[in-house]
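**Q** Residue numbers (my numbering), protein chains in the order written: chain A, 1 to 174; chain B, 1 to 174.
In case anyone wonders, no lab produced these hints; they're calculated from the structure.
On a predicted model such as this, the values are computed, not experimentally measured, just so you know.
For every residue, glycine included, the Cβ atom is placed at its ideal position computed from N, Cα and C.
Please note: incorrect hints may appear among the correct ones.
[As the list claims (entries may be wrong)] Pair ranges (Cβ atoms, derived):
#, chain 1, residue 1, chain 2, residue 2, range
1, B, L120, A, T55, 30 to 38 Å
2, B, S115, A, D28, 22 to 30 Å
3, B, R83, A, E2, 28 to 36 Å
4, A, E75, B, T55, 34 to 42 Å
5, B, F79, A, D38, 39 to 47 Å
6, B, E6, A, R172, 49 to 57 Å
7, B, F76, A, R172, 13 to 21 Å
8, A, A91, B, H67, 40 to 48 Å
9, A, G37, B, E6, 40 to 48 Å
Protein chains: 2
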Amino acid sequence: MEFVLEEAAIILARTPGTLSALLRDLPDGWVLAHEGGDTWSPFDVIGHLIHADRTNWMPRARTILEHGEAKSFGEFDRFAHFRNSEGRTLASLLDEFAAVRQHSIEELRGAVSMSDLNRLGQHPALGAVTLRQLLAAWVVHDLDHLMQISRVLARQYTNEVGPWRQYLRIVREP
Amino acid sequence: MEFVLEEAAIILARTPGTLSALLRDLPDGWVLAHEGGDTWSPFDVIGHLIHADRTNWMPRARTILEHGEAKSFGEFDRFAHFRNSEGRTLASLLDEFAAVRQHSIEELRGAVSMSDLNRLGQHPALGAVTLRQLLAAWVVHDLDHLMQISRVLARQYTNEVGPWRQYLRIVREP
Chain A
1 MEFVLEEAAI ILARTPGTLS ALLRDLPDGW VLAHEGGDTW SPFDVIGHLI
51 HADRTNWMPR ARTILEHGEA KSFGEFDRFA HFRNSEGRTL ASLLDEFAAV
101 RQHSIEELRG AVSMSDLNRL GQHPALGAVT LRQLLAAWVV HDLDHLMQIS
151 RVLARQYTNE VGPWRQYLRI VREP
Chain B
1 MEFVLEEAAI ILARTPGTLS ALLRDLPDGW VLAHEGGDTW SPFDVIGHLI
51 HADRTNWMPR ARTILEHGEA KSFGEFDRFA HFRNSEGRTL ASLLDEFAAV
101 RQHSIEELRG AVSMSDLNRL GQHPALGAVT LRQLLAAWVV HDLDHLMQIS
151 RVLARQYTNE VGPWRQYLRI VREP
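This is chain A alone, in the form it adopts within the complex:
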């Protein structure tokens, strides 16, 4: 499918409501569940999405619009949210994500037009990227983390489903 700016905005705008519908008021054991080792819980993921909106997606779009390839994007700290989320409740993170995302979407609609989509920026690791690729990656990044949260929750019942495991891809795959 071809990238369409307004469709991307529609999908991005839905993510906070989707995550709130899925997670708000779930028992703590589920909110804090993870896949073992250093893997993230739903709580961790919401913190990461807040931090990514604040420091990554629209800030990088603005860097492209203002500086093009002349200025490389800053590095993205994939672990900063652990500090920012400390001591918070899931409800307060979900509320913050809804507010931050609404602000991001307003900025997106105000600052970017279709004619900007092929403008180039400089990613510190990936090299030359277009604004279109950055915005498409934002959409896919949301959905990647929604998939992650679904998987983390489902895997809590990997043993409890017994012989059904063979029918349920989400608990069958590594």
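Following the hints, position chain B against chain A.
**A** Positioned in the frame of chain A, the structure of chain B alone reads:
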């Protein structure tokens, strides 16, 4: 995590709202998008979830409660929803799923208690299964399809994300 009846009911009750938040009023191209070949679109998945609630989950639980292992579950028609969804809008399917699921949860809370969870039933392919395994599989089945819908949507932008593909597991994996 150990299966807890009331926690399962809480998660099952959230699925219609989650899918509505994610999908309602998305452009048709997204609602009908799939992963190629015979794979399912978000529209198809909602029809399947309705059909599974109507004919599979609580009906099988009732079979266990009433007949134990003496009566095998009926076969589940994994394709019936293609007929039932024909000509429908996504909005009407989402509304129907919300109503059907609410009814299922009321039945679950009314009919099943913790002391029933180890009762045995007979699955036509899997053999002896417990009510606990059936109900855990219901929860995981919801989350499996939420993961599927996230993946189907994300993959529409597989090409549009360009070099970000290597960072985004959802479009990188086969």
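**Q** Now look at each hint and say whether the structure bears it out.
**A** We went through each hint and held it up to the structure:
| no. | hint | result |
| --- | --- | --- |
| 1 | L120(B) to T55(A): 30 to 38 Å | violated (54 Å) |
| 2 | S115(B) to D28(A): 22 to 30 Å | holds (26 Å) |
| 3 | R83(B) to E2(A): 28 to 36 Å | holds (32 Å) |
| 4 | E75(A) to T55(B): 34 to 42 Å | violated (52 Å) |
| 5 | F79(B) to D38(A): 39 to 47 Å | holds (41 Å) |
| 6 | E6(B) to R172(A): 49 to 57 Å | violated (27 Å) |
| 7 | F76(B) to R172(A): 13 to 21 Å | holds (18 Å) |
| 8 | A91(A) to H67(B): 40 to 48 Å | holds (44 Å) |
| 9 | G37(A) to E6(B): 40 to 48 Å | violated (29 Å) |
Of the numbered hints given earlier, the model fails hints 1, 4, 6, 9; all others are met.
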